[in-house]
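Student: One-letter residues, chain by chain:
2 protein chains.
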Amino acid sequence: MTTIQRLDAALAAHIEKVEHYKQVQTLLAWDARTGAPRKGASYAARAKATLAGELFKLQTDAEFGLRLEEAAQQEELDELSKRIIAEHWKTYKRWSAIPIEEYQAFVQQQGLANAAWLEARAANDFSIFAPHLKQIFNASLKFAGYWGYEQHAYDPLVQQFDPDLDTVTLDRIFSELKSALIPLIRRVTSSAKQPDTSIFNHPFPLEQQRQLGIELLQAIRYDFDAGQFGATVHPFSSAINPYDARLAAKFVENDVRVSLWSALHEGGHSLYTQNIDPNLIHTGLGIFTSYGIHESQSIFFEKFIGRHKGFWENNYFILQKIKPETFGHVSLDDFYFALNAVKPTFNRFEADELTYNLHLIIRYELEQAIIAGEVDYEGLPEAWNDKYEEYLGIRPPTHLEGILQDGHWSAGFGLFPSYTLGFVYAAQIHKVIRRELPDYDHLIESDHIETITGWLTTHIHQFGKSRSADELIKSITGKSIDTAPLIRYLTDKYEQLYEL
Amino acid sequence: MTTIQRLDAALAAHIEKVEHYKQVQTLLAWDARTGAPRKGASYAARAKATLAGELFKLQTDAEFGLRLEEAAQQEELDELSKRIIAEHWKTYKRWSAIPIEEYQAFVQQQGLANAAWLEARAANDFSIFAPHLKQIFNASLKFAGYWGYEQHAYDPLVQQFDPDLDTVTLDRIFSELKSALIPLIRRVTSSAKQPDTSIFNHPFPLEQQRQLGIELLQAIRYDFDAGQFGATVHPFSSAINPYDARLAAKFVENDVRVSLWSALHEGGHSLYTQNIDPNLIHTGLGIFTSYGIHESQSIFFEKFIGRHKGFWENNYFILQKIKPETFGHVSLDDFYFALNAVKPTFNRFEADELTYNLHLIIRYELEQAIIAGEVDYEGLPEAWNDKYEEYLGIRPPTHLEGILQDGHWSAGFGLFPSYTLGFVYAAQIHKVIRRELPDYDHLIESDHIETITGWLTTHIHQFGKSRSADELIKSITGKSIDTAPLIRYLTDKYEQLYEL
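So the sequences go chain by chain: A and B.
Add 441 to the 1-based position in the first sequence for my numbering, that's all there is to it.
Add 441 to the 1-based position in the second sequence for my numbering, that's all there is to it.
If you're looking for bench data, these hints aren't it; they were derived computationally from the structure.
Identical copies go unnamed one by one, so any copy, or any two together, can satisfy a pair.
EDC-like cross-link-like pairs, simulated, lysine to aspartate or glutamate; straight-line CA separation at most 20 Å:
(1) Lys458 / Glu495
(2) Lys480 / Asp718
(3) Lys480 / Asp666
(4) Lys583 / Asp607
(5) Lys575 / Glu543
(6) Lys691 / Glu656
(7) Lys480 / Glu457
(8) Lys498 / Glu457
(9) Lys784 / Glu794
(10) Lys463 / Glu495
(11) Lys750 / Asp880
These numbers come from a predicted model, not from an experiment.
Whole structure, please, built from the sequences with the hints as guidance.
Tutor: This is the structure in structure tokens:
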């Protein structure tokens with residue numbers, strides 16, 4: 442018997458309906474980004490908006506709110522039911538706080554901002570995007586006002602994605618990482634020992650890359666009967682429910698690393714979803730608990746498994762089998778070094794493990810500077826370039842490689858920190874898992890990744906949203922979020938690899 | 442300005458919402474039959490059922506009904522707006538007539554019947570399926586009672602799909618076809634001249650079949666930017682709107698004809714949808730007008746284009762290019778004869794052009810026999826086999842090749858006649874188009890299919906559901922449905938091909 446049946450029947454039915462709409466929304470988004478035809482996009486968006494409006498109404502329905510309040514006061518309620526109610530109550534409060542016209546205007550404005558970004562890119566002219574960005578950010582801040590905060594307007598914005606984080610903590614995390622990483626990157630890039638990465642740029646037919654992706658997903662035990670492996674222009678995963686956790690990789694003929702990393706990264710997201718307790722489906726808790734924890738699992742599989750040398754001892758043969766003319770005569774050591782090459786780039790998406798967080802630090806610092814009024818929208822592109830020059834030693838030649846590289850800011854403030862939080866969490870988890878599974882390296886070398894996934898399922902995946910990020914990380918590591926394991930991991934690994 | 446804006450704003454908004462739900466339903470069905478994972482199927486079905494319930498409520502909303510009634514009485518209304526209102530009024534009346542619990546029970550029963558069919562297949566035991574079939578058919582007849590009819594309970598059932606048809610007309614059509622086709626099939630199958638079809642059974646890798654499908658769809662000018670070409674186990678097309686008309690073919694390694702015909706057939710359906718006037722989107726009329734007319738367009742492209750020798754004069758090189766080892770040394774004449782081989786089969790889906798209608802005549806006669814009480818559910822499998830023996834000279838060795846070959850009857854009575862109606866309509870249209878475009882053969886031979894599609898768009902496609910099947914066929918041919926052109930076409934073609 443599923444937990445939700447212990448709840449009042451009308452309440453449970455309403456929650457199930459909400460969950461059905463959410464699942465369909467996720468599926469429509471998947472379709473829009475994978476198979477949907479170009480010409481149908483605007484009509485599909487209209488249909489999706491209609492359903493999103495219905496979902497909003499269901500989530501903020503006054504009678505639903507009353508039922509939730511009543512249910513929350515029942516003393517005999519079990520812990521899980523309390524969590525279910527708290528989750529929907531939080532959503533109810535969040536969206537009820539915003540006048541529906543403002544919410545609808547914001548959603549529409551997001552679409553317009555994204556279109557303006559495309560136009561700005563075509564003209565290489567940030568001033569086309571700037572007024573939209575301003576509108577979006579101002580609306581975000583207005584929402585923050587509706588939601589309320591104690592210290593910083595950014596707090597409720599980041600808490601949409603990572604409820605346990607706040608600006609003070611983020612400031613600390615980013616500052617610690619910056620202090621450690623910038624000098625380390627300088628040492629690595631000025632090392633005499635450097636890898637040859639040209640092997641990755643040999644043409645690699647897309648159909649063969651797809652085959653590689655399938656075999657790598659099999660290697661990490663992705664369940665193809667509970668998901669789908671698609672293609673797209675910006676990799677993503679769709680967490681519909683534990684029995685339908687899809688992922689889409691990006692395929693680029695002249696850089697096999699793009700599909701390789703995106704399969705492992707999105708595969709990690711999807712493994713998390715597939716391992717959530719199915720009894721949580723239709724409760725609202727059958728999904729990742731926070732964006733940071735979600736990202737920690739994708740990063741775990743991409744970096745702590747996929748960049749582990751033992752993984753390639755097992756799986757390098759796949760590349761050699763599929764593309765013998767490129768990889769047949771390259772040793773595992775050379776391949777592994779090339780795979781872990783450090784090279785500052787303009788784009789987060791192409792970034793290596795070491796420079797990755799700098800991209801997010803820059804985003805975060807710019808967001809804070811905007812809120813503090815330290816930079817205006819006209820000055821933003823140069824502020825962006827200055828930071829790339831200061832932290833990574835490279836300056837984007839045009840804004841296309843700089844501030845116009847993606848349109849993610851069209852969605853609003855607060856999402857970017859999750860990417861770094863995920864890496865920090867993953868390193869904390871990795872440190873503990875190595876202690877608790879002393880044969881960790883051997884498990885990977887001997888193709889027993891299911892033991893590691895089993896550990897992650899026991900300690901993280903199964904709970905879905907029934908435990909918070911902070912509860913999970915404290916129960917695993919004994920403390921809250923902490924950058925030390927990540928800094929230690931990166932320092933040790935790259936000092937050794939680059940013989941510093 | 443789209444027509445719907447001339448309607449009352451609240452009415453237009455409600456209609457648009459209905460259309461959004463319908464589009465999403467079609468997309469969910471597409472997903473379930475193409476990429477969706479096996480393990481998620483039951484959860485996806487539940488979410489889809491929730492949305493179907495909402496759609497039902499929207500379509501039968503009492504206030505909506507009142508508004509439609511009011512609008513219908515406005516004298517100054519233009520013709521198109523009248524059609525829009527009439528269409529939604531018809532749906533409103535149809536579904537309002539059925540108690541919602543009975544409707545929901547029927548939908549659930551359809552799912553159970555399909556599951557029972559799978560079980561019956563696994564056990565090769567029709568008695569597992571029989572009670573479900575009985576329940577489904579009885580519910581269909583009960584619905585027919587709610588809807589009312591003058592002559593025959595089958596009338597309102599077939600009119601769900603083909604509003605202009607009735608049992609008297611169907612009896613005539615099937616009887617005329619049977620009288621003409623059975624002797625013709627006997628003459629053809631006993632001819633001394635027979636084709637060699639073994640070329641189609643050489644292994645043909647699925648990826649190459651997909652390439653073939655793409656090139657054939659390009660040949661008939663399918664717009665890939667307004668659709669998608671997928672793979673499935675039972676070919677189908679999804680008419681979401683003119684900008685999103687998808688199709689899925691079936692791919693079988695040892696019979697390339699399956700994907701070849703399904704691409705052309707479903708491609709024909711999708712061309713119809715793509716050519717509907719986009720102003721009809723969100724009115725309820727932006728879709729095929731009846732199942733019979735929809736089928737006429739798939740059959741037109743599959744049979745009157747795809748089985749035209751001129752089409753292969755142009756496109757045979759694609760097969761020869763993709764599979765030179767199989768087709769390189771086969772002449773166009775031999776290929777063409779093999780492609781048009783007549784051979785009675787147990788399965789409609791594998792049927793050639795000549796035996797195809799017999800499968801539907803058998804279904805229809807059995808449906809009528811059930812309604813008339815001339816056969817009971819226990820006797821149905823033998824009645825099925827007897828008819829195959831009588832009409833096609835073959836008797837299914839087991840019920841797996843017989844009555845259990847598909848689970849389509851799980852949906853209820855009345856859909857099968859559309860397949861034959863489509864062929865009859867297509868032949869009528871083909872006769873007129875040859876008269877109006879005297880260089881028809883040359884247009885196909887010289888790769889100017891867009892001229893033919895243009896004619897079909899002008900006379901059929903563009904109107905969507907704003908003209909009825911009977912209106913269309915009368916305006917094109919000057920008369921109603923008529924089997925003579927189909928009988929003439931098949932007789933001439935196969936007498937010549939088999940040198941009778």
